[in-house]
Amino acid sequence: MKIPVIFPGQENPAHQDIHSYSAERFFSSAGDLMPAELRTLAGDTVRAVAMGCETAGAKDVSHVKAYIEYASGFLHADTVGGSGGVTVAGRDGKKAKRFRLVINAVIYGLPEASVRMATEEALETVKVQYGLIQELPSGK
Amino acid sequence: MKIVQIAGYLGSGKTTLIIALSKKLAGLGMKIAILVNDVGAVPVDGTVMQEYGLTVKDIGGGCICCQVAGSLMKTLETLATTIGPDLVIIEPTGIAVPDAISQTVRLMARKLPVEMGHTIVLFDTSRAAKLLTYDTLKRLVSLQIRDATIIGLSKSDLVTVKEVEEASKSVREINQKAEIVRISTVTGEGLSSLVGRIQGVHAMS
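If you read the protein sequences in the order shown, they are chains A and B.
To convert a position in the first sequence, counted from 1, into our numbering, add 56.
To convert a position in the second sequence, counted from 1, into our numbering, add 73.
Hints were generated in silico from the structure; no laboratory data involved.
Do not take every clue at face value.
Derived DSSO-like pairs (lysine-lysine); straight-line CA-CA distance at most 30 Å [claimed, not checked]:
{"id": "1", "chain 1": "B", "residue 1": "130", "chain 2": "A", "residue 2": "150"}
{"id": "2", "chain 1": "B", "residue 1": "211", "chain 2": "B", "residue 2": "184"}
{"id": "3", "chain 1": "A", "residue 1": "151", "chain 2": "B", "residue 2": "96"}
{"id": "4", "chain 1": "A", "residue 1": "115", "chain 2": "B", "residue 2": "235"}
{"id": "5", "chain 1": "A", "residue 1": "150", "chain 2": "B", "residue 2": "96"}
{"id": "6", "chain 1": "A", "residue 1": "150", "chain 2": "A", "residue 2": "183"}
{"id": "7", "chain 1": "B", "residue 1": "97", "chain 2": "A", "residue 2": "115"}
{"id": "8", "chain 1": "B", "residue 1": "235", "chain 2": "B", "residue 2": "211"}
Incomplete in silico selection of chain A near chain B, CB under 10 Å [stated by the list, open to error]:
{"id": "9", "residue": "88"}
{"id": "10", "residue": "100"}
{"id": "11", "residue": "118"}
{"id": "12", "residue": "120"}
{"id": "13", "residue": "121"}
{"id": "14", "residue": "128"}
{"id": "15", "residue": "130"}
{"id": "16", "residue": "136"}
{"id": "17", "residue": "148"}
{"id": "18", "residue": "151"}
{"id": "19", "residue": "161"}
{"id": "20", "residue": "191"}
For the chain A half of the interface with chain B, some residues (derived, Cβ under 10 Å), not all of them [to be verified]:
{"id": "21", "residue": "68"}
{"id": "22", "residue": "74"}
{"id": "23", "residue": "76"}
{"id": "24", "residue": "78"}
{"id": "25", "residue": "80"}
{"id": "26", "residue": "84"}
{"id": "27", "residue": "85"}
{"id": "28", "residue": "99"}
{"id": "29", "residue": "135"}
{"id": "30", "residue": "141"}
{"id": "31", "residue": "146"}
{"id": "32", "residue": "147"}
{"id": "33", "residue": "169"}
{"id": "34", "residue": "170"}
Predicted, not measured: the structure shown is a model, and the values here were computed from it.
For glycine and all other residues, C-beta sits at the position ideal for the given N, C-alpha and C.
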């Protein structure tokens with residue numbers, strides 16, 4: 057087995073073909089979102105990103121994670137795509153009108169630009185689906 | 074200050090396992106600190122662990138196995154001199170090569186009272202075939218397995234006994250020395266075994 061040579065400050069050659077994209081959004085909703093709805097939203101978000109990446113040709117949806125923070129609770133969701141299903145956990149609070157969403161997609165075998173596009177498209181889909189208003193757009 | 078690494082490919086269940094183990098170890102009176110390195114520019118894992126009440130230091134800006142190895146050294150030094158935990162659990166990125174991190178810790182051991190404990194590498198049994206299919210992915214996953222002192226066959230609740238056995242056989246071909254433990258954070262399988270191993274081993278070469 058070939059052992060990668062790593063030079064200080066450089067990326068490990070073993071990381072080849074793995075690309076990530078992260079985004080942070082602050083959303084608000086006209087009506088109250090119940091904790092159960094937020095759980096569904098968290099799951100729908102990671103599922104939409106994973107499906108978008110698979111459709112775009114990803115060899116492996118290595119990990120798509122989401123974190124939702126609201127005034128009285130938090131949620132985290134993740135999937136590895138395919139038949140792996142979606143896991144949602146956290147601490148439910150009271151109903152919320154505003155929340156912060158962080159999404160982190162790490163994909164094998166899909167160019168960085170495609171990971172970014174699939175993630176952004178998924179976020180837009182979820183925004184429309186749940187009637188959300190984006191307060192502060194930001195992507196990294 | 075003992076240092077244990079819980080590594081493994083993306084989505085193999087590292088964060089969930091660390092939360093579960095930390096609660097058990099803290100319940101036994103150990104002072105635990107967790108050092109997390111996330112792939113994404115906006116961290117998720119460290120934030121989630123903090124929400125569960127754990128003591129977490131987040132290292133961002135790249136992978137600690139290569140790009141930001143210096144940050145790992147500085148953070149370990151800060152932990153040793155300020156919090157002084159009994160045990161530091163390092164969660165590297167899912168693309169990290171564990172041996173590079175172990176080497177950094179051994180370097181630290183020359184000037185600080187730290188000792189390297191187990192390198193636990195998780196292998197997702199529900200994706201076993203896929204992870205060992207593509208050339209570059211197989212190379213990375215194989216490197217991770219090669220560096221393990223314990224291989225955790227994770228998500229054992231999602232697959233059949235036969236699939237776990239096949240996964241076990243695959244990892245054994247890559248690493249002939251490591252202990253192999255079946256793990257499920259859903260059923261609790263393997264957790265007590267890992268707690269015992271983390272507590273009992275004081276130095277690994």
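Hint check:
1. B:130 / A:150: holds (29 Å)
2. B:211 / B:184: Violated - the C-alpha atoms of residue 184 of chain B and residue 211 of chain B are around 36 Å apart, more than 30 Å.
3. A:151 / B:96: Cα-Cα ~29 Å, so holds.
4. A:115 / B:235: holds (25 Å)
5. A:150 / B:96: It holds: about 26 Å lies between the C-alpha atoms, which stays within 30 Å.
6. A:150 / A:183: Measuring from Cα to Cα gives roughly 21 Å; hence the hint holds.
7. B:97 / A:115: violated (37 Å)
8. B:235 / B:211: holds (21 Å)
9. 88: violated (22 Å)
10. 100: violated (17 Å)
11. 118: holds (4 Å)
12. 120: This hint holds: residue 120 of chain A lies near chain B, its Cβ roughly 8 Å from the closest one there, short of 10 Å.
13. 121: holds (5 Å)
14. 128: At about 12 Å, which exceeds the 10 Å cut-off, the nearest Cβ of chain B leaves the hint on residue 128 of chain A violated.
15. 130: It holds, given that the least Cβ distance between residue 130 of chain A and chain B is near 5 Å, below 10 Å.
16. 136: holds (4 Å)
17. 148: violated (12 Å)
18. 151: violated (19 Å)
19. 161: holds (8 Å)
20. 191: At about 16 Å, which exceeds the 10 Å cut-off, the nearest Cβ of chain B leaves the hint on residue 191 of chain A violated.
21. 68: holds (4 Å)
22. 74: With a closest approach of 5 Å, the residue 74 of chain A hint holds.
23. 76: holds (5 Å)
24. 78: holds (4 Å)
25. 80: Hint on residue 80 of chain A: holds, closest Cβ of chain B at ~5 Å, below 10 Å.
26. 84: Not OK, violated: residue 84 of chain A not within 10 Å of chain B, min 19 Å.
27. 85: violated (22 Å)
28. 99: violated (15 Å)
29. 135: holds (8 Å)
30. 141: holds (8 Å)
31. 146: holds (7 Å)
32. 147: Interface hint status for residue 147 of chain A: holds (7 Å vs cutoff 10 Å).
33. 169: violated (15 Å)
34. 170: Since the shortest Cβ distance to chain B is 16 Å, the answer is violated.
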